[in-house]
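Line by line, the protein sequences are chains X and L.
All residue numbers for the first sequence refer to my numbering, where the first residue is 1 and numbers rise by one.
All residue numbers for the second sequence refer to my numbering, where the first residue is 1 and numbers rise by one.
In short, the hints are calculated from the structure, not lab data.
Treat each hint with caution, since some may be false.
[Stated by the list, open to error] Label pairs and their calculated CB-CB ranges:
#  : chain 1 : residue 1 : chain 2 : residue 2 : range
1  : X       : Ala-183   : L       : Pro-99    : 49 to 59 Å
2  : X       : Val-14    : L       : Pro-99    : 55 to 65 Å
3  : L       : Pro-99    : X       : Gly-99    : 58 to 68 Å
4  : L       : Arg-139   : X       : Gln-10    : 47 to 57 Å
5  : L       : Gln-51    : X       : Ala-15    : 39 to 49 Å
6  : L       : Leu-22    : X       : Val-14    : 24 to 34 Å
7  : L       : Glu-69    : X       : Gln-10    : 51 to 61 Å
8  : L       : Ala-59    : X       : Thr-51    : 24 to 34 Å
9  : X       : Lys-95    : L       : Glu-21    : 47 to 57 Å
10 : X       : Lys-157   : L       : Ala-107   : 54 to 64 Å
11 : L       : Arg-140   : X       : Gln-10    : 46 to 56 Å
12 : L       : Glu-21    : X       : Ala-169   : 50 to 60 Å
Using N, Cα and C, we set each Cβ at its ideal position, and we do this for glycine too.
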Amino acid sequence: MSGRSRLGAQVVAVAVVAALLGLLAWKLAQGESEVTSKLSHGGTPPAPAWTLDRLDGKGQLAIDSLRGKTVVLNFWASWCGPCRDEMPLLQQGSKRWQGKNIVFVGINAKDVRGDARKFLARYSVTYPNVYDGKGSTIGRYGVTGFPETYFIDKTGKVRYRIAGPVRDAADIDGGIERALAPA
Amino acid sequence: MRPLLVAALALALAGTAAASELKPTSAELESELVCPVCETTLDTSDAPAAQRIKAYIRARIAAGDTKSEITSKLVDQFGPTVLAVPPRKGFDWIAWLLPLGGLAAGAVAVGALAWRWSRRRGDDRPPLDELTLDPELERRLDAELARFE
Numbered sequence: 001m002s003g004r005s006r007l008g009a010q011v012v013a014v015a016v017v018a019a020l021l022g023l024l025a026w027k028l029a030q031g032e033s034e035v036t037s038k039l040s041h042g043g044t045p046p047a048p049a050w051t052l053d054r055l056d057g058k059g060q061l062a063i064d065s066l067r068g069k070t071v072v073l074n075f076w077a078s079w080c081g082p083c084r085d086e087m088p089l090l091q092q093g094s095k096r097w098q099g100k101n102i103v104f105v106g107i108n109a110k111d112v113r114g115d116a117r118k119f120l121a122r123y124s125v126t127y128p129n130v131y132d133g134k135g136s137t138i139g140r141y142g143v144t145g146f147p148e149t150y151f152i153d154k155t156g157k158v159r160y161r162i163a164g165p166v167r168d169a170a171d172i173d174g175g176i177e178r179a180l181a182p183a
Numbered sequence: 001m002r003p004l005l006v007a008a009l010a011l012a013l014a015g016t017a018a019a020s021e022l023k024p025t026s027a028e029l030e031s032e033l034v035c036p037v038c039e040t041t042l043d044t045s046d047a048p049a050a051q052r053i054k055a056y057i058r059a060r061i062a063a064g065d066t067k068s069e070i071t072s073k074l075v076d077q078f079g080p081t082v083l084a085v086p087p088r089k090g091f092d093w094i095a096w097l098l099p100l101g102g103l104a105a106g107a108v109a110v111g112a113l114a115w116r117w118s119r120r121r122g123d124d125r126p127p128l129d130e131l132t133l134d135p136e137l138e139r140r141l142d143a144e145l146a147r148f149e
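Put together the whole structure using the sequences plus the hints.
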């Protein structure tokens with residue numbers, strides 16, 4: 001092999017290795033959620049934006065449209081047992097905080113749409129729920145399992161997170177109070 | 001005779017594919033679709049999400065949906081990652097072609113190296129007209145040959 005073609009082969013090999021390393025770094029960066037990382041260090045990261053179809057069929061809902069309100073954002077799936085346990089608590093919470101500039105929103109993820117609708121009907125859920133079957137929001141929020149609940153202040157910053165089900169009304173009220181507290 | 005056999009085989013395979021499309025079984029769909037939570041095929045997963053999707057598949061089969069209709073409905077809900085193998089269209093072709101391209105490139109590289117190696121070994125040998133014997137050996141060889149004459 002001539003010196004020139006050997007140099008060319010070496011350049012190609014180095015480029016391939018660099019591309020693979022870049023791909024690895026990108027994948028690792030994708031896996032790490034900025035939200036959970038900042039929250040665990042006492043930060044208040046901005047809530048990642050999303051626009052998703054509403055499960056009640058009334059068009060779409062964007063989280064940006066809720067700016068100026070405190071948002072209780074609950075991730076759930078109909079096949080998740082703990083989600084069944086906490087759903088009545090969330091529905092009661094939405095009623096308890098109604099008219100106080102607090103909005104409850106559910107994100108149904110990685111679920112069959114029909115099952116999600118039946119689930120909402122079974123638990124008489126009246127607050128808005130959106131459908132994210134592909135789970136596009138999961139990684140960005142750092143959701144590690146279902147259910148998880150995020151408390152977002154009126155400026156759009158995540159202030160608190162409950163990983164796992166809310167156990168009682170005090171869990172919900174405590175999260176809302178943290179989101180309402182001055183930054 | 002042989003063309004007839006080939007035609008019969010092709011017809012039989014086409015018939016099987018058509019039957020699979022029109023009347024899919026839950027087993028074949030479960031082996032071709034991935035649970036979006038555990039990321040293994042449905043037939044190897046007992047996760048609650050997989051159970052729900054299996055129930056959905058059974059319900060759609062009972063409702064008379066074709067295989068592609070069921071697959072399409074699931075892709076619509078969960079995205080293309082629900083498919084165990086990428087579809088043969090658009091950008092996804094790269095997943096099918098890249099391994100074949102890699103194999104072809106490897107075969108070409110190995111072939112080229114083998115060819116170069118064999119040529120180099122051939123070149124290393126001196127031309128026949130340049131072959132000379134040691135004078136002493138040549139003398140002994142002539143003496144031996146003379147004994148048989």
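Checklist entry - Any hints this thing doesn't respect? Which numbers, in order? => result 2, 6
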